[in-house]
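> Listed below, chain by chain, are the residues.
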Amino acid sequence: MSWTAEAGAVFAKELRTEWRTRVALSAVGLFALASLTLIALSFRGAPLTSFRSDADRALQLLTREAVAGSLLWVLIFFTAATGLGRTFVQEAERGTALALRLSARATTVWTGKYAANTLLLLVLTLIAAPILLAILEVRPANAGLLVCVLLIGAVGLAAVMTFTAALVAQASAKSGLLAALSFPLLVPLFLAGVNGTKAALGFGNEAGRWTPALADLQVLGSYAVIAVTASLLLFDFVWND
Amino acid sequence: MDTSRQAFLTLENLGKSYGVRRVLRGVSLAVGPGEVVSVTGRNGSGKSTLLKLIAGLLRPSQGEVSLQIGANAKPLDAAGRRQAVGYAAPDLALYDELTGRENLLFFARVRGRRLPDAERRLADVGLAGRGNDLVRAYSSGMRQRLRLAFALLADPPVLLLDEPSLALDEAGVALVAQTVARHKAARGVTLLATNDAGEAALGDRALVLDG
Amino acid sequence: MATVAKYLLGMWIAATVVLAYRWLPPAEGFAVPEAAPIVALHLPLALVAIIAAVVAAAQGVRYLTGRNLASDARSKNAAALAALFCLLTTVTGSAFARVQWGGYWNWDPKQTCIAILLAVYAAYFVLRAGVDDPEKRAAVSGVYIVFAGILTPMLGYVVPKYLAKFSLHPTNTQFDSRYWTVILFATLGFTGLYVWMQNLANRFDVAGLVLQQRLAEAEEAPAPRLVTMATAASGADTEATAWTTR
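Listed in order, the protein sequences are those of chains E, R and V. Positions 358 to 598 (my numbering) are the ones given, in order, by the first sequence. Positions 21 to 231 (my numbering) are the ones given, in order, by the second sequence. Positions 69 to 314 (my numbering) are the ones given, in order, by the third sequence.
Next up, chain E with everything else stripped away, as it sits in the complex:
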């Protein structure tokens, strides 16, 4: 009987503390919302080639290439949101940020961490993508294009995530905040990335040509450039008082 009472006491305490840190809950809630939106967008975003009919569209949305393309980006986003935040959070939690601020220029700090994050993300993506494709039994129509899309996409994604991580490291409740903060900013990247991936996998592009995805690559490229430039310009304001 007392065991139940004791477990009940812990349960009650959990509810009370969770209520008092409602902010953390809203971050997690936004994270869930961001995930749902990403899934919806990646399944909705249509290739730039037109469909012949509504039935045609409905059918095509469910083909394995389309599903693979969408799932891959959902996977990449969650991997990034989980793995790329540690770099700044650790500095803040361990207190090593102080020594770094005294020794290094802000831009060098960001660039170094960004490069490390990009490498990490690329390695994870280039390992996970083939496995996912194998699971779904999809063969890319144009492997080179696929690698290009993933590469340029990862470069932009890592930039935004690295920068947002610096902001999140200042907050007290960090769970889910990185995903919630970065997702709205990443929508252009996801739309172009999913589209380009679908084209590379052969969706609406059985011949595996590069041209259907050229616009996507352009968007991804310009996004990456804008993200990196903005990060370099703004990082000092958040890193130093």
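These aren't lab readings, by the way, just hints derived from the structure by calculation. One or more hints might be untrue.
What the hints assert, rightly or not - Pairs of lysine-lysine residues, derived as DSS-like cross-links and limited to a Cα-Cα distance of at most 25 Å, are as follows:
#1 E:470 with E:531
#2 V:229 with V:178
#3 E:531 with V:204
#4 E:470 with V:204
#5 R:204 with R:94
#6 E:370 with E:531
Here the structure of chain E is known, so what remains is to put chains R and V in place on it, guided by the hints.
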């Protein structure tokens, strides 16, 4: 230290508030080459805050910090001050996952400097032979010694030490005194924030922050 | 003077809404012509939402360059109002969409863009709530709103291209002069409303900041004193004015 690298520090009515809480009231002070100033006061009187303001780690709510390297040089901005000072404080953590030597080498490289004499520097703070151990394995006294080495890394003209003898044994306390004396002999500027009377006695003057 | 202006503003908006529903002719080509006037209100709301967003970003920049907490307060208020007007835009748009096209949410590009903007503001306020130190909070908020301000305009170009299949916003609507009049009136009215609310919130926050400053200054803290060590060691405390003159 040659005269072009001698530091002149002036604080004009320097203050810091966090919202309603006033941590530091207007402090004015002038320190020249070869001087040692002890900063004393109760816990919470703003000693650490003062050192952080001088080091460029915090932005003042009022007043100004003016640090010139060289008698007729322009005062440095916050970024310049961060690079120019040697700073050590209890909340300054170094990388647990790196060894003592790797830490020193990293912080030197990130400043754009080489460190050919890393061994000597480690020996100077009493860490000879422990440079290859991860900082995670260091005792608190050893960490404090490494912090001292970190502060001295760039041979700075200004030394800001916040409770430098914390966690140190007798030999360590002597080391701190020796470091301060050496820095003074080299005509550097030293500020020591401390609660300890013995440490405070290392200064030529004392800035008392709470009456 | 200000009170008169406020009453005038209230009447202006009320008149605009009444005008919209009484004076505007039912629009042809709309599924439920009587519901068309909501469009005349929907457009101005969207416009004001964008104005507020720009103000929020601009005040964010002002904080980062001037480090004045008042700018941060203004930025936060503008962001809150931008979120409000985004919400109103979405609601009016949604209501119209339900009537006209049969669904509340259709992944229309403009709809999606406004929704993403709302997500940016939601994240902005969650971020603010997570930082305790006012100066850190201001810096982090300012940086986020500027960063978002740089990246979100891309939405306006990218989203319409990718969600073009879902586009519901008509591109060839001919509004007659009466609609334009109402739209103009509503734009002026809503802008006035926004300016008034922003101003009110700003004055409140700035007053709070000034109060804080006064309280901090009034704190009885003893002045720091400088002591030369030699005399301290001999037991006598003297007040030494030891400024080194240069």
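> Next, verify each hint and record whether it holds.
To see whether the hints hold, each was checked on the structure:
{"no.": "1", "hint": "E:470 with E:531", "result": "holds (19 Å)"}
{"no.": "2", "hint": "V:229 with V:178", "result": "holds (11 Å)"}
{"no.": "3", "hint": "E:531 with V:204", "result": "holds (16 Å)"}
{"no.": "4", "hint": "E:470 with V:204", "result": "holds (22 Å)"}
{"no.": "5", "hint": "R:204 with R:94", "result": "holds (23 Å)"}
{"no.": "6", "hint": "E:370 with E:531", "result": "holds (21 Å)"}
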